[in-house]
Structures are given as C-alpha cells and as structure tokens.
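Novice: Given next are the chains, with one letter for each unit.
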Amino acid sequence: AQKVTQVQTEISVVEKEDVTLDCVYETRDTTYYLFWYKQPPSGELVFLIRRNSFDEQNEISGRYSWNFQKSTSSFNFTITASQVVDSAVYFCALSSAGYALNFGKGTSLLVTP
Amino acid sequence: DAGITQSPRYKITETGRQVTLMCHQTWSHSYMFWYRQDLGHGLRLIYYSAAADITDKGEVPDGYVVSRSKTENFPLTLESATRSQTSVYFCASTPLDLTDTQYFGPGTRLTVL
Numbered sequence: 001a002q003k004v005t006q007v008q009t010e011i012s013v014v015e016k017e018d019v020t021l022d023c024v025y026e027t028r029d030t031t032y033y034l035f036w037y038k039q040p041p042s043g044e045l046v047f048l049i050r051r052n053s054f055d056e057q058n059e060i061s062g063r064y065s066w067n068f069q070k071s072t073s074s075f076n077f078t079i080t081a082s083q084v085v086d087s088a089v090y091f092c093a094l095s096s097a098g099y100a101l102n103f104g105k106g107t108s109l110l111v112t113p
Numbered sequence: 114d115a116g117i118t119q120s121p122r123y124k125i126t127e128t129g130r131q132v133t134l135m136c137h138q139t140w141s142h143s144y145m146f147w148y149r150q151d152l153g154h155g156l157r158l159i160y161y162s163a164a165a166d167i168t169d170k171g172e173v174p175d176g177y178v179v180s181r182s183k184t185e186n187f188p189l190t191l192e193s194a195t196r197s198q199t200s201v202y203f204c205a206s207t208p209l210d211l212t213d214t215q216y217f218g219p220g221t222r223l224t225v226l
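Chains as they are written, first to last, in this note's numbering: chain W, 1 to 113; chain F, 114 to 226.
The following block holds chain W by itself, in its conformation from the complex (with noise of 0.2 Å):
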C-alpha cells in the first residue's frame, strides 16, 4: 500500500520567512515518483516538480527547492524568502508502476504582509 502524509495543515508565515512543508511516504516498491503540485486560491493545480526514487539530488528552482531523503522517506519542499503570492494549498503525491497518484491531504500555506 502506498501512502502520503503532510505533516503540516496549515502553516502561517509572514513575508520573507523561509518555511518548508514536510511530506512523508510510504511504500514497498523501489521504483516511484514524488510529486509536488500547488493550488492557489483561484483553484487551479499547478504541477510544481517531479522526481524518481533513483534521484536523491536536492532541486532549486528560483525561491522554492526540494530535499528528497529516501533513508528517511522524506521529500520536503521550501520556499525561500516567502511572499504573499505563495499562499495556496501544497500536496504531496506519489506514483508507481501499476499505481495512480496518491494525494497527501494537503498544507494550507498563508502567507502574510
């Protein structure tokens, strides 16, 4: 079985914050993907990253990086120096041969001036 947790459920920062939603997964195969989708206000997912299982570089991407850690099964998610654009719903997900995307339940990001 697979399974995918958010630590966070919501998460309040004010501007310029760095903060890092936390997700945890669970699974037998040796072989998956890891996914990070946002979800601004508007309602829209917006795909944000994707990385395999084979692949634990860390990735930067402008303010927003990733830290996969397989030995603790782990692929958090930064944002460095938070702005209010940022605020949206975050999910974590997971997918494997023979398995569709498993959504983690979500983290609530506000970001405030």
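What the hints contain is simulated information worked out from the structure, not anything from laboratory work.
Each hint should be verified, as a subset may be incorrect.
Residues from chain F shown here face chain W by an in silico Cβ test under 8 Å; the list is partial [as the list claims (entries may be wrong)]:
#, residue
1, 155
2, 171
3, 173
4, 211
So these bits of chain F aren't anywhere near chain W, every CB distance computed over 10 Å [claimed, not checked]:
#, residue
5, 127
6, 130
7, 139
8, 143
9, 157
10, 164
11, 166
12, 182
13, 188
14, 195
15, 210
16, 215
17, 224
Remember, it's a predicted structure, so these values are computed and weren't measured experimentally.
Positions of the beta carbon are idealized from the N, C-alpha and C atoms, including for glycine.
Guided by the hints, dock chain F onto chain W, whose structure is given.
Specialist: Okay, now just chain F, sitting in the frame of chain W:
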C-alpha cells in the same frame, strides 16, 4: 493551445438526477483521470483510463460511471446524484503512464441539493 478543459465549471443539481461532467484534452494524451477534492481528504481518484475503451476504478468509484470512446474525451456521469457527491471534480491527463506527470483541468464545482 487549449490543453485540458472541463465543462461545466459550475453545476447545481438535485438529488436523484443524472449529471455528466465533461473533460476534453487536446494533447492526445493516453491516460486520463477523474478526481474529487473534498476538505480533509485531499484529492481522491475516482476512475482513470489508459486509452480509448479502457477504464479502471480508483479509490472512490461508487456512484460514478465513465466512458472513453475517443482519446480526447473522458466524461464522468453521476447516474443518481447524492448530496455526498457535492465536491470539486478535477480531470487530468498524462501522456505515458501512471507515473508520468499529470496535468489538470480547471475543475468543476458540483453542488447536489
């Protein structure tokens, strides 16, 4: 490039009525998916399709019917709507397989009175 579209965007119906939600993609992606999003549950998979005339159940298929006669369309039908089916429904597609990145439509907000 329209990508993936859903119609209607908003729908109000009554208990017991049949309602069909439409999903159309212009990418010729093989796989298509239907999810529902409810507070506290994140996104849950209803049905998915690997190709025309091939469909499979997801986590919460009861009360829903799907068909896929053409690659680009994947309608979701609620044969006899219930209040518990009030939700936001998202359609998604992916070009290759279940582990590939899914791209989501804008969603349909369905209210069953």
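Novice: Can you list which hints this structure breaks, lowest number first?
Specialist: 3, 9, 15 and 16
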